[in-house]
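Enquirer: These protein sequences, in sequence, are chains A and B. Our numbering numbers the first residue of the first sequence as 281 and each following residue consecutively. Our numbering numbers the first residue of the second sequence as 281 and each following residue consecutively.
Hints were generated in silico from the structure; no laboratory data involved. Only a predicted model underlies this, so the values are computations on that prediction, with no experimental measurement involved. Fair warning: there could be bad hints in the mix.
Just so you know, same-sequence chains aren't split out, so a pair can sit in one copy or run between any two.
Calculated cross-link-like contacts (lysine to aspartate or glutamate; reagent style EDC-like; alpha-carbon spacing at most 20 Å) [unchecked claim]: (1) K479 - D310; (2) K434 - D338; (3) K463 - D498; (4) K324 - D361; (5) K463 - D445; (6) K461 - D338; (7) K441 - D317; (8) K293 - D361; (9) K293 - D360; (10) K434 - D322; (11) K416 - E406; (12) K324 - D360; (13) K282 - D476; (14) K477 - D360; (15) K282 - D445; (16) K379 - D338; (17) K459 - D360; (18) K392 - D294.
Protein chains: 2
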Amino acid sequence: MKTLVIISHPTIKDSYTQSFLHDAQADFNDVTWHPLDILYPDFKINIKHEQQLLMHYDRIIFQFPLFWYSAPALLKKWEDDVLVRKFANAAHGGYLRHKQLGMVITLGVPAKNYQPGAGEHFSLSELLTPYQALAKKAGMQYLSPFIISQFFYKTPPQEAKTLVDYQNYLTNPKPFGLKNKIKWSLDQLKQYAPKDKVKKIVFDSVIKQIQKNQNQLDDLKSQINMIKRKDDQ
Amino acid sequence: MKTLVIISHPTIKDSYTQSFLHDAQADFNDVTWHPLDILYPDFKINIKHEQQLLMHYDRIIFQFPLFWYSAPALLKKWEDDVLVRKFANAAHGGYLRHKQLGMVITLGVPAKNYQPGAGEHFSLSELLTPYQALAKKAGMQYLSPFIISQFFYKTPPQEAKTLVDYQNYLTNPKPFGLKNKIKWSLDQLKQYAPKDKVKKIVFDSVIKQIQKNQNQLDDLKSQINMIKRKDDQ
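Build out the structure end to end from the sequences listed, making use of the hints.
Expert: What follows is the structure in structure tokens.
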């Protein structure tokens with residue numbers, strides 16, 4: 281499975297979060313980092329090139345900080361220019377059908393602020409409806425967004441968890457659900473030898489997750505056994 | 281009350297709808313037509329100028345065709361550049377507090393397509409949530425959007441109704457509700473003498489609307505009288 285990460289961030293070069301995410305995906309051959317602000321600082325998109333590029337990927341990711349409750353303008357320009365009707369609309373035999381659309385959203389405020397009664401008043405599901413509608417129109421599978429809030433305040437263990445979850449979101453063919461995550465984690469393990477720093481973080485986190493999951497599985501199994509024993513009595 | 285109409289439409293010069301709307305507002309001294317694509321074709325916004333401009337208006341209108349379920353990229357660029365935190369956030373003492381935000385949205389498909397089970401699957405209320413959230417954050421009053429769908433297919437009477445309703449949306453301090461519309465219509469009447477073509481259309485439509493409203497009022501009055509008579513018996 282090949283993944284294209286389309287990043288829109290006007291000050292991407294100064295962003296600690298984006299630099300961290302960049303490093304997190306750098307070792308994956310099947311992931312392509314595609315920073316629009318570096319490629320098209322003048323807002324003049326190479327439409328044919330972008331359309332050709334999209335054809336080669338199974339999972340398209342829109343990655344951006346939330347600006348006025350949606351993507352920065354450059355990603356919108358990319359949408360308006362590249363996703364023309366004949367290319368993108370499923371009803372017109374579009375080229376994006378059966379691909380996946382993922383969203384990696386970075387927030388400056390806590391994610392819990394995005395709900396009625398809290399600071400931002402609206403949920404992220406409500407605010408991101410236009411992207412869900414885009415996926416629907418293009419015949420794409422919309423993936424639940426991956427939200428990174430207040431990355432700056434994260435502790436090293438929280439950073440490590442974000443790194444692994446982000447890699448899972450980008451590269452796991454089935455990124456959701458405990459069983460799928462375990463399978464992906466074990467696949468990662470097989471490839472990794474804990475030499476450099478980033479890999480060491482991943483290694484430790486994956487081991488921890490597997491252990492945690494294993495505990496949960498064991499717990500569930502023993503509960504099922506108890507129920508079975510009761511039924512047998 | 282002063283109104284600023286901020287238009288975002290990449291081919292505004294070729295748009296019959298935008299040309300029609302332009303003519304519809306041309307006679308109103310308190311309405312300013314502000315076409316971003318003509319002012320900023322290179323996406324380089326004069327931020328200070330735009331901020332200064334906004335200060336002079338009570339009602340700000342975002343007017344655009346729906347592109348991928350939101351405004352074309354240039355309006356997003358305008359939002360990202362002009363509405364910086366210190367200028368726009370109500371919590372930071374923003375300059376837009378107590379102003380109104382209106383939306384004039386043109387659609388290429390019928391408005392009824394925007395609902396679950398129909399062609400576009402999502403409602404316009406859902407899709408436009410980011411603008412509602414923007415208004416909330418800026419301390420602005422969000423006006424129910426004014427939707428113009430498939431303008432090209434409208435008959436002359438439908439065009440005339442759109443023209444009057446659009447003028448009402450732009451210039452009526454209280455644009456919603458029968459009573460407010462009648463008051464506004466009468467105000468228009470006082471100013472108009474049916475000389476040129478556009479004014480003639482307005483004149484006839486307003487007269488028709490007042491007559492229709494008057495009929496409804498009379499109908500309601502007679503119903504109330506009937507109820508009263510029953511109570512007296």
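Enquirer: All hints are to be evaluated individually against the structure, with a verdict given for each.
Expert: We went through each hint and held it up to the structure:
no. : hint        : result
1   : K479 - D310 : within (17 Å within a copy, 63 Å between copies)
2   : K434 - D338 : neither (31 Å within a copy, 42 Å between copies)
3   : K463 - D498 : within (17 Å within a copy, 73 Å between copies)
4   : K324 - D361 : both (9 Å within a copy, 18 Å between copies)
5   : K463 - D445 : within (13 Å within a copy, 59 Å between copies)
6   : K461 - D338 : within (19 Å within a copy, 53 Å between copies)
7   : K441 - D317 : neither (27 Å within a copy, 44 Å between copies)
8   : K293 - D361 : between (24 Å within a copy, 18 Å between copies)
9   : K293 - D360 : between (25 Å within a copy, 18 Å between copies)
10  : K434 - D322 : neither (34 Å within a copy, 39 Å between copies)
11  : K416 - E406 : both (15 Å within a copy, 15 Å between copies)
12  : K324 - D360 : both (12 Å within a copy, 18 Å between copies)
13  : K282 - D476 : neither (25 Å within a copy, 62 Å between copies)
14  : K477 - D360 : neither (40 Å within a copy, 37 Å between copies)
15  : K282 - D445 : within (17 Å within a copy, 50 Å between copies)
16  : K379 - D338 : within (5 Å within a copy, 45 Å between copies)
17  : K459 - D360 : neither (38 Å within a copy, 41 Å between copies)
18  : K392 - D294 : neither (26 Å within a copy, 45 Å between copies)
Taken one by one, the earlier hints fail for this structure at numbers 2, 7, 10, 13, 14, 17 and 18, listed in ascending order.
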